[in-house]
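If you're matching them up, the sequences are chains A and B in order. So the first sequence is residues 1 to 433, counted in our numbering. So the second sequence is residues 1 to 251, counted in our numbering.
Since the hints were derived computationally from the structure, they do not count as laboratory data. Treat the numbers as computed from the prediction; the structure is a model and nothing was measured. Quick reminder that beta carbons are idealized off the backbone N, C-alpha and C, glycines included. Treat the hints with care, since some could be wrong.
[Claimed, not checked] In silico contact screen, one side only, chain A against chain B (beta carbon under 8 Å); selected entries:
(1) P71
(2) F72
(3) R75
(4) V366
(5) K367
(6) C368
(7) T380
(8) R386
(9) V390
(10) P391
(11) L398
(12) W427
[To be verified] A few chain B positions that, by computed beta-carbon distances, are all more than 10 Å from chain A:
(13) R52
(14) I92
(15) F100
(16) R194
(17) E233
(18) V250
Listed below are the residues making up each chain.
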Amino acid sequence: MALLARDPRRQPETEARIAALDLPRGGFTRAARAEALARLRGFGLPSRRDEYWRFTDPADLAAPAPAAGAPFDPREAHVFAGTDRLEIVFVDGVFDPARSGPLDLAGVEITRLAEADRADIHWAQGIYGTLEAAGQAAVPRPLAALNTGAATDGILMRVTGRAARPVCLVHERRAAASDAVLHHCIRVEPGAEVTLLETGTAAARLNAVMEVDVAAGGRFHHVRVQGRDHGRRAATHIFARVGAGALFKSFTLAMNGVLTRNEAVIELAGAGAVAHVAGAALGDGATGAFHHDDTVFVTHDAVGCESRQVFKKVLRHGAVGVFQGKILVRPGAQKTDGYQISQALLLDEDSQFLAKPELEIHADDVKCSHGSTTGALDATALFYLRSRGVPRDAAVTLLVLSFLADAIGEIEDEALRQAIVERLEAWLARHRA
Amino acid sequence: MLTIRDLHVKLEDEDKEILKGVDLTVEAGRVHAIMGPNGSGKSTLSHVLAGREGYAVTQGSAELEGADLLAMEPEERAAAGLFLAFQYPVEIPGVGNMTFLRTALNAQRKARGEPEVSAGDFLKLVREKARTLKIDAEMLKRPINVGFSGGEKKRNEILQMAVLEPRMCILDETDSGLDVDAMRLVADGVNALRDAGRGFLVITHYQRLLDHIRPDVVHIMADGRIVRTGGPELALEVERNGYAGILAEVA
Ligand SMILES: Nc1ncnc2c1ncn2[C@@H]1O[C@H](COP(=O)(O)OP(=O)(O)OP(=O)(O)O)[C@@H](O)[C@H]1O
Ligand SMILES: [Mg+2]
Chain A
1 MALLARDPRR QPETEARIAA LDLPRGGFTR AARAEALARL RGFGLPSRRD
51 EYWRFTDPAD LAAPAPAAGA PFDPREAHVF AGTDRLEIVF VDGVFDPARS
101 GPLDLAGVEI TRLAEADRAD IHWAQGIYGT LEAAGQAAVP RPLAALNTGA
151 ATDGILMRVT GRAARPVCLV HERRAAASDA VLHHCIRVEP GAEVTLLETG
201 TAAARLNAVM EVDVAAGGRF HHVRVQGRDH GRRAATHIFA RVGAGALFKS
251 FTLAMNGVLT RNEAVIELAG AGAVAHVAGA ALGDGATGAF HHDDTVFVTH
301 DAVGCESRQV FKKVLRHGAV GVFQGKILVR PGAQKTDGYQ ISQALLLDED
351 SQFLAKPELE IHADDVKCSH GSTTGALDAT ALFYLRSRGV PRDAAVTLLV
401 LSFLADAIGE IEDEALRQAI VERLEAWLAR HRA
Chain B
1 MLTIRDLHVK LEDEDKEILK GVDLTVEAGR VHAIMGPNGS GKSTLSHVLA
51 GREGYAVTQG SAELEGADLL AMEPEERAAA GLFLAFQYPV EIPGVGNMTF
101 LRTALNAQRK ARGEPEVSAG DFLKLVREKA RTLKIDAEML KRPINVGFSG
151 GEKKRNEILQ MAVLEPRMCI LDETDSGLDV DAMRLVADGV NALRDAGRGF
201 LVITHYQRLL DHIRPDVVHI MADGRIVRTG GPELALEVER NGYAGILAEV
251 A
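Using the sequences plus the hints, can you model the full thing?
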């Protein structure tokens, strides 16, 4: 396909970037890594000229070295500190064994990529780079290919039963110019269930890929909080394949961050599969530049599947929010139920929200809807609350939480939802008008 | 209780004067009614007293028990004891009725230096008040006014009033959109709150509400002014003859 043609203009940059990488040789991943780098060379690094990067400048994500900056240390316990969990800690992308729990959990087998990769065979062989490559079919995602080629660590998790506790990845950033490339593979076996939590900034620059294969009847829950580091830059990709009757749910909270691009590429592959992706992003340009991009591509490839995309952004003082979301319904994917909403709440007139919702439908018996709105706080609602005695700041917080409610509501677990709401309230308290 | 003197109000963004010198005093323990043609400025008066943005006071004063209302934020006015039942109560998706009302009650108590009400006591209080207003407990679990019928919204305003126990209650057309039984419930709710320390300003177009909430004083507002003040018989006159006679008299 034309997209895969080499773009000669980008070759020098792409080669320079690859040359700057410390490429692992790979054991069971060796072939996948080589193929990924070939894909990357074919695509070239992303640039502003690409339609897919029209709203977000990838220069800092593509550059050979990350921009340096002082790490931001809010000195607070992480958001999941109150949850019973198996914790796995990475500092600037490097595993910290001393602070990680033993990788041993009923219902789950976990190893790290850096360790397992020494072996020539591994269960993750059918996943590593495979879902990523499949996710490249419609649009090139060169940063994901780069990740598959260059990932230094990550977790390989096979869920065989009902996980006894959530698995929690803690991503700390300590160095000024750390550049983490992490790649996770998750396989949820038929009927198995797990919750994966992630929290933290990870590095000055993070490139993360998570490939998730949920087999028939499996259930995967993902709740991610990206860290309040103002200087962080991140490109993350989730590639998910959801089998018959299986459930995939992912929620991301992002507060602050100079540049964040979160992509989710989801294939509903078996009849009756369900996938929900949601996100809440809050940015205040007064405390540092903020650019947050959610790019989602959901493919319905089986009968009777349900997908929901719910993305909300709260922006002020020049913060920029981007949403690109697509629902593709393949021929034969009848009885599809697809839904997509992206909304921005602009707390002042300086901020902006750029949205590109797309539907592409090749089946006739489907129900798909999408919507995108940009609005300010409702002055009448604010007055109503205040007229009852609720102070202005508390009233604004209530209205912002009300705006975010649909997205937060995608977190199934009540306690986790509450933990997220507390972080939101704290952020809003720190970022008063 | 409430003393309004020569109040002139214009729109903030336009040179349009809406209130053109309102004088009105509501004494503690008394119920005053305001009637008047559409667009005469009744809601504007209630909004300005409650502190809504978008209006500019160009002259005059409004005091609640001697305190300058116009210098206060809306939430401060509420804590000082002012309550406005809205002509058009606002729907706020995503904020639960109970959360809202408890936040409001405790914020007011905090502002007055009173202890907060515990979750348990609050629940008991609201349940009891809701029962007398025949408001379904299920309804209270929903977001503020979302999916409420017109009449349910008005009853919810009265419930908020009953829970917050303000000293000065302004009701802006709380009777419009109510069926006969609901009107009775609302009136009973208001009457239950009537006492020597509390004042009421009831804005209405219809005598029927005033059959249930018997006013002490009735005012007619026209073109931004109070043009006539009298006893309950004034409302009956309006009901019988409309405003034409009264307006012709004052013109
Ligand atoms: N925010 C505003 N913007 C423009 N015009 C306004 C605004 N508020 C009030 N007005 C105008 O001021 C006048 C008085 O309006 P107000 O709502 O106070 O009347 P009212 O007496 O309550 O009428 P009704 O009986 O119909 O409720 C009307 O002409 C109205 O259009
Ligand atoms: Mg009115």
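Under the constraints set out in the numbered hints, which ones does this structure not fulfil? 1, 2, 3, 4, 5, 6, 12, 13, 14, 15
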